[in-house]
Structure formats: C-alpha cells, structure tokens
Amino acid sequence: MSPIQSNLRRLRDRLSPLPEHGDGQLSASSTPQRCPTQEGTLTSGPSYQLTINPVYTPLTSAQKPPWSAQQTMNSNDTKSDPDPSEFASLFRDALDEFSKRTEIDLATNPLTRQFMTCDSIDKVMVILENQVQKFNEFRHGGIKMQLIRKLHPLVTVILTLSRSEILLEGLEAAFGPSVAVVAALGVLLEAAKGVSASYDALSELLDCITSFLVRLEVFTRMQLSPAMRAILVKTLVHVISVLSLAIEQVKQGRLVAYFKRLLGNKDVEKALHELERLTVEQAQMTGVESLELIYNLVNSLSVTMKNGQVPTGPIRESLDRLGACLSGMRQDIDELKLPNADDNILQQHRDWLSPPDPSRYYNVAIKLYHKSTGRWLIESEPMQRWKRMGSLLWIHGKPGSGKTVMCSAIIEDLARLCIVQLKSVLIYFYCDYADSTTQSVRGLLSHLVLCIPTRTRSDVCTEILSHLYSKNDNGGQQPSDDELEECLQEMLEQTADYSVYIVIDAVDECPSSGIPSMRTRMLELITRITGWQIKNVRICLTSRPEPDVRDVLDRLSPLTITLHEGSGQAQDIATYVRSVMESDPGFRLWNGEDKALAMQELSEKANGMFRWVYCQLDMLRGCQRANIRQVLRNLPRTLDETYQRMLKDLDTENWKYTHRLFQCLVVYSRPLRINELAEVVAIDFKSLAAPGVKADWRRKQ
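Per this note's numbering, residue 30 is the first one in the sequence shown, and the count goes up by one each step.
Don't take every hint at face value.
[As the list claims (entries may be wrong)] Ranges between beta-carbon positions, derived for each pair: (1) G504 - E633: 55 to 63 Å; (2) T589 - A463: 26 to 34 Å; (3) V695 - E633: 34 to 42 Å; (4) D386 - S541: 19 to 27 Å; (5) Q518 - Y697: 30 to 38 Å; (6) E515 - L397: 31 to 39 Å.
Derived from the structure by calculation, the hints contain no laboratory data. Think of the CB as a built atom: it goes at the ideal place given N, C-alpha and C, for glycine as much as any other residue.
Can you make the complete structure from the sequences, with help from the hints?
Okay, here's the thing in structure tokens:
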C-alpha cells in the first residue's frame with residue numbers, strides 16, 4: 030500500500046465511520062492468526078468472518094460523509110453508469126464457461142460447499158492445504174510448502190475483496206465471485222495433485238494471479254463509482270476464466286505449455302504494463318481525493334467554530350488529528366513530485382558515470398534467437414532452483430554453442446517473470462572482447478549502481494548514489510572502483526525485500542593478460558558479491574569453460590549447466606535446422622531427400638555448436654544442387670576449420686583488401702562501422718606521395 034493510500038485510510042478511519050453493510054460482511058479482527066503448516070507456521074494477518082450469499086445494503090444519505098470527495102470527482106461525469114445486472118450476467122457466464130471447460134459445476138461442487146461453511150481465512154487455508162498435501166512427493170516435498178506460502182496471501186486478498194459492496198451489488202447468485210475464485214483454486218489443486226510436471230507452472234501461475242489481485246485490496250475501504258466496481262468484478266471473473274483454462278490444461282497434461290503461452294502472449298504483457306500505469310494514476314488520484322477530504326473537513330470545522338455549536342476542546346482534538354494527517358499528506362505530495370526529480374538526478378548520475386549500454390548487445394542477440402529453442406534450458410531443474418533460491422548459476426559451453434543467444438533468451442524469460450512477480454528486478458550485462466568498456470569491473474559496477482535505484486524506485490538507493498556523487502566533488506571527479514563496490518553492497522542490502530536477478534554474459538571475453546588481468550578482477554568481484562551472502566541476489570554467468578574461470582567458480586559451488594552436452598541442445602539444433610530448411614527461400618528448390626539428408630548430417634555433426642550449424646547453412650544456400658550430397662559428406666569438423674575454409678574461399682584478387690581490413694580491425698580500440706571499413710578500402714597507399722582517399726574508389730552507398 031502506498032503512503033498516500035495508507036494516510037487516506039487513517040484519515041477516514043479517524044474522522045468518519047466506515048459504512049455499515051448488510052448481513053453478508055467480512056469483518057476483520059485485530060488479532061493476528063497463525064496458519065499451521067507441515068513445516069511450521071505462517072502469520073496469516075487479520076482473521077475474516079466470511080458469510081456466503083451476502084446481501085448488499087446501500088448507504089443511506091445520513092451514512093455518507095458530507096465531504097465525500099468521490100461525489101466531487103464524479104459530479105462532472107457525463108458517462109452513464111454500468112447496469113448492475115451486468116455484474117450478475119458476467120458472473121454466470123464465467124461459471125458456465127468453467128463448467129464447459131472442466132465438466133465441473135462450481136456452484137454445487139463439494140469443495141465449494143466446504144468453503145461456504147468457513148468463517149475464517151484459516152479454515153479456508155486448511156481445506157487448500159489438505160489438497161496440497163495430496164501432491165506427489167516432488168523435490169523432497171519443498172514444492173508443497175512453497176505452494177502453501179503462495180496460496181495464503183492470494184486467499185487473503187480474495188476474501189478481503191468479498192467484504193466490500195463493490196462486489197455485491199447486482200449479484201444474485203448463491204455465492205459471489207470471491208468465493209468462486211477460491212473454490213476454483215481448490216479444484217485446480219485437486220486436478221494437479223498427481224501431475225508433478227505441472228507443479229512449477231502452477232506455482233508461477235499463482236504468482237501471476239496474486240500480482241493482479243494484491244493491488245485491488247486498497248480499494249476495499251473506499252467508496253467507488255459503479256464503473257470502478259465493474260472493473261473489479263470483471264477482474265475476478267477473468268481470474269475464474271484463467272483458472273478454468275488451467276484446470277483444462279492440467280487434465281490434458283499441458284499446463285506448462287499453457288503457462289508459457291500465457292506469459293509469452295503480447296496482449297498479456299501489454300495488460301500487465303497497463304496495470305502498472307493505472308496503479309501510478311490511482312496513487313495520484315488518491316492524493317487528490319485526500320486533499321478534497323481535508324478541504325471539506327476544515328470547512329466544516331470552521332463553520333462549526335463560528336456558530337459555536339460545540340465546545341472547542343473536541344474541535345481542537347480533531348484539528349490535532351488532522352494536523353498529523355496533513356503532515357503525512359504533505360510527505361505524500363512531495364513523493365508525487367519526486368519521480369521527475371529522481372529521473373533528473375539519475376540522468377545526472379548516468380552522465381557522470383557513463384556506463385556501457387548492454388541493451389544494444391541484447392537487441393542483436395535476441396534477433397538470432399529461434400523462439401522454439403532454449404525451453405529445455407529455461408525449464409531445467411538448475412534454472413528453476415536458481416530462480417527460487419540459488420545465489421550463483423554458471424552456464425558454460427564451447428565456442429559457438431550459442432551462449433550469448435541463450436543468455437538473451439534467459440533475459441527475456443526473466444523480464445516476463447519480473448512483470449508478474451512483485452518486487453523483482455532484472456539487470457543484465459554483456460562482456461564483449463571488442464569493447465573495452467564492457468570488459469572492466471568499472472563498467473559493470475557503474476551499470477549496476479545506476480540500474481538498482483532506477484528499477485526499484487528506491488529513494489534510499491538514490492540517496493546512496495547521490496552521496497557518492499557529492500563526495501566526488503559533485504561529479505567533478507570519478508569514483509574509485511572500491512567506492513562503487515561499497516555503493517553496490519549498500520544498495521543491495523537496502524533492497525532486501527526485492528528479488529534481484531543479475532545476468533552477466535561472456536565473462537571469458539574479458540582479457541586474461543595483465544597483472545591482475547581484467548578477467549581476474551571480474552571474477553574476484555563476483556566472488557566478493559556472492560560472499561556478501563545477500564539472499565535476495567541471484568547471479569547468472571555465461572562463459573566458455575576456461576581453466577581460470579572454472580578454478581574460481583568451482584570454489585563458489587554454483588549451480589551449473591553445460592550447453593554443448595545437453596540433450597536439449599541437440600534437439601534445439603535439429604529444430605533450428607528443420608525450421609531454416611523449410612522456411613528459407615535459399616532452400617526452396619531442394620528436393621525432400623536432400624533436405625532430409627542435410628537435416629540429419631548437420632544435426633549429428635553439430636556437436637552442440639549453433640554457430641557451426643549457422644555457418645554450414647549459410648554455405649549450403651549457394652550450393653549447386655548437383656554438389657549437395659558431396660558437400661554434406663565433406664563438412665568441416667570444427668568451427669576453426671569452418672573459418673579456415675571461409676578465408677581460403679575468398680577471391681584471390683580481394684586478398685589485399687581483406688588483409689588491410691584485418692590490419693585495421695586488430696589495431697582499432699573499438700569496433701569499426703561498415704562505412705568506416707569501406708573508407709579504408711578507398712585509401713590509395715601506392716600512387717600518391719602519401720596515403721590518401723580516392724573519391725572514385727568509394728563504393729556508392
């Protein structure tokens with residue numbers, strides 16, 4: 030809950046009673062409850078009394094506060110309010126869809142009847158825990174405790190929503206959407222209990238749903254417009270629909286694939302981003318509402334004092350309470366202004382540190398990623414363990430095994446996870462042998478200390494960086510690497526409530542020469558970060574299995590994945606070859622037998638190297654049909670041999686230009702652009718007194 034919403038709640042609690050409801054209310058007690066589990070207890074928060082078949086009692090004019098800001102904000106609203114009967118119709122449609130997909134009548138299901146007898150969250154959780162305990166043993170039972178922990182906040186917020194009139198008006202069914210969602214959860218658990226392959230997907234699905242619903246709890250104590258009530262009802266109705274789809278997929282053994290499609294769907298991602306935007310707008314609207322409430326309250330008190338209707342003592346007490354609230358509101362208003370100020374400060378820090386931009390490497394690599402590949406890696410047991418609790422994951426493979434492309438696929442997967450998983454931050458970095466700024470500890474540290482305050486929106490982290498800035502003559506001088514490292518450690522400790530995912534690609538591309546070498550310094554930094562033992566920080570590295578890299582990382586006991594040895598990698602290569610052969614215009618004239626032979630030869634001889642396959646396909650595109658089988662029988666065995674053949678196949682007349690370009694590439698400190706290389710070819714080194722550019726040698730762009 031934002032500070033604005035918290036202060037607004039305190040203001041309303043202190044200065045006006047909450048509206049009374051009818052018989053169907055969910056009341057909160059102030060005593061925290063304990064939720065028993067197999068491996069301990071969980072604090073359940075407030076206990077809620079749940080009565081099914083609620084009856085909505087609208088507010089009377091006497092109950093509505095005279096200073097209702099909602100009335101003020103809606104007074105100019107010319108749009109017609111939604112028909113309350115639409116709520117009931119939407120709910121009935123969702124129940125019908127649930128029945129068709131699952132062959133289960135949710136209204137009469139025995140689990141639903143059990144939930145309808147519950148009068149507290151703890152009793153609801155006992156029923157759900159019984160369903161979880163029926164699950165097959167999986168990863169030593171840890172998944173059971175994990176699911177229970179995820180279910181508890183989800184059930185709490187769902188049942189909290191049922192206490193408000195926002196979900197009751199216009200609903201005539203025997204039970205409301207909130208209870209239906211809980212019942213659907215129970216049915217889903219019952220369906221999934223014997224399908225251990227679905228457990229991880231089920232856990233992620235619960236995270237996704239919770240990330241939606243937890244944001245709605247702040248509305249349960251506000252008077253909302255019919256339009257906003259409609260949105261909330263529709264949200265729960267859609268949750269019922271999502272759960273019915275999940276149950277259907279579990280029964281068909283396809284929940285994992287279903288959840289992949291759910292997170293990979295661009296419309297879903299767009300909706301999640303839109304939800305983030307609306308959350309910010311709601312915070313700002315709450316601030317406006319708070320000011321309206323304060324204005325009307327002060328006005329009412331002023332009139333009362335002038336008329337002398339009540340003693341001044343109670344009024345002074347009210348003003349004291351209001352003063353305390355105003356102090357909080359002033360802070361809230363300042364916070365509303367902070368994002369722009371923070372953005373300016375962070376941009377100032379970015380200009381000062383000038384870190385390398387890893388997004389350009391990501392954008393190039395992700396274009397090479399074939400969407401039907403890499404799932405074996407993302408869904409592997411080491412990767413799933415690292416996401417949940419691991420501190421260090423090392424993914425290694427021989428040259429050409431596709432480490433950078435796979436790294437980008439992991440980044441894409443984590444980006445989706447951070448959308449649905451609350452308080453999650455992703456930071457990635459690419460080391461590149463051709464760019465010295467990406468090979469240094471300084472480049473990585475600068476990028477990390479800028480990303481953390483930007484992604485978390487943490488005022489504390491921004492202040493930490495601002496202190497470093499002021500300490501260095503307000504940006505007049507650069508900080509030392511030690512200062513940046515201290516800054517990073519302090520930031521990570523201050524964001525302990527976030528899951529921080531750090532992905533670093535191609536550590537082996539840092540130079541190994543020098544004392545100490547850049548690679549040694551990079552590995553030492555990673556060792557120190559893991560040594561801080563900050564549990565919320567998860568680091569993923571990719572590299573070749575170089576001896577010095579292996580020696581350092583083995584001592585850190587990382588989770589490991591070997592790309593070129595995985596059976597999933599071989600299958601991915603076969604899938605990639607088949608896709609290219611069937612879709613690339615260069616192979617359109619090949620007959621079926623030649624295509625089948627090419628797929629077999631390339632898949633069997635790839636030895637885990639995507640780059641090798643890519644080079645062979647590029648060469649085969651220009652192959653004469655009469656030579657296809659001979660070429661396939663004489664494929665180069667290694668990536669180095671492939672490169673040697675490419676150089677030998679260059680036209681003899683172009684050798685001098687090739688040699689000149691290689692000379693330039695070796696001595697330049699940064700990668701050369703295509704137009705710069707073209708300019709090199711246009712230089713005449715012989716006929717002039719001194720080397721110079723000949724305009725007529727330039728190639729037309």
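Q.
To test your reading of the hints: which numbers does this structure violate?
A. none
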